[in-house]
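*Asks:* Which chain is which? The protein sequence lines are A and B, in order.
If you count by the numbering used here, then the first sequence holds residues 8 to 159, one letter each, in order.
If you count by the numbering used here, then the second sequence holds residues -10 to 166, one letter each, in order.
Please keep in mind that the hints were generated in silico from the structure rather than gathered at the bench.
There may be inaccurate statements among the hints.
[Unchecked claim] Result set (SDA-like, lysine to any residue): computed pairs, CA atoms no more than 25 Å apart in a straight line:
hint, chain 1, residue 1, chain 2, residue 2
1, B, Lys(-6), B, Lys165
2, A, Lys123, B, Lys148
3, A, Lys123, A, Ala149
4, B, Lys(-6), A, Pro10
5, B, Lys165, A, Gly66
6, A, Lys28, B, Val109
7, B, Lys165, A, Glu139
8, A, Lys28, B, Ile24
9, B, Lys148, B, Lys(-6)
10, A, Lys112, A, Asp137
Nothing here was measured: the structure is a model prediction, and the numbers come from that model.
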Amino acid sequence: MKPKKMIRLLVIAVGAVVIFKFVFVPVRINGLSMEPTYHHGGFTFINRLTYLTRQPRRGEIVAIRTSGLSVMFLKRIVALPNETLAIDNGVVKINGVPINESYVKTRAAWQIAPVKLSENEYYVIGDNRDVEESRHLFGRVAAERIVGRALW
Amino acid sequence: MVNRKITQIVLLIAIIVGAFFLYRYLFPSAERQIIRRLNNLATDASFAVGSEGQLKPGQITSGLFAKRVTDYFTRDATLVLEDIDGYSRSLTGSEEIRQSLFAARSQLDSLIVAILDPQVRVESPGRSGQVSATARVSWEEAGQKLILSARELSIGLVKLDRQWFISRLETVSVIKR
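So here's chain A without its partners, still in its complex pose (with noise of 0.2 Å):
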């Protein structure tokens, strides 16, 4: 192999580790707590660098870290820091407000007292509402834990 072909794939699969471990991270989506948004064994990337120039919003899908990035969590955000939020008969709502989650198809009667959330918390639920509240992993979460958001 000429050299300088050699470098040509060296820059390529240096790129292709530095874009898909620090911008766009590749993600396999397992379980169903993301439905009818995302299903079981579907893909997406999660974009690493949109939350460096802003914060994140509400509505946005968003990756949540464990210890590392081997296994992330694909949330929602439906709460922002110092907002109070509450879950009556499976509406949320926001400061007493209820919002409008036209991503949700399907909610049972979840029950949520008001919970009021710090400088530095965000809450984060699943689109598939369907399930029983046990069943399902929502709840607030450190901003430093969010790792980016879904590509789309």
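Let chain A serve as the given structure and place chain B on it in line with the hints.
*Replies:* Chain B alone, transformed into the frame defined by chain A:
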């Protein structure tokens, strides 16, 4: 002449790299010892029983399984496991841990454990350590398809007789109610 020199340099680099990895394997740091120990625990905690509950060749009974996994813990170890809805359960002492493992092994058809992204912090000069890691667990219940779960763990270890043992293991709630 130039080609010979390049070959010599490449060979020298290969020897240095090989020697580095051999040294790391033979004389692992405390961090690497802990990671190796946790990976061994994950391997020993994984099993797959054949259809109708019979053991596959080379497999061990529930009792031996429970003892083998319990051997990774100190006698006074504490496990604090929290469900996703915040319900918490704790196990104290190796006997209680052994009994729970025995029950779990008897009820499940298979269990595959992997310890991912361990972040190790060694304290009090190589005698205790703290690990933040993610456990990915999949299992099969009564012939039902595989269920997958992942939890972040906070693991405290102590070194006794040149071996690392888990003294405390608790789940970390990344998303809290």
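*Asks:* What are the numbers of the hints the structure violates, in ascending order?
*Replies:* Of the numbered hints given earlier, those the structure breaks are 1, 2, 9, listed in rising order.
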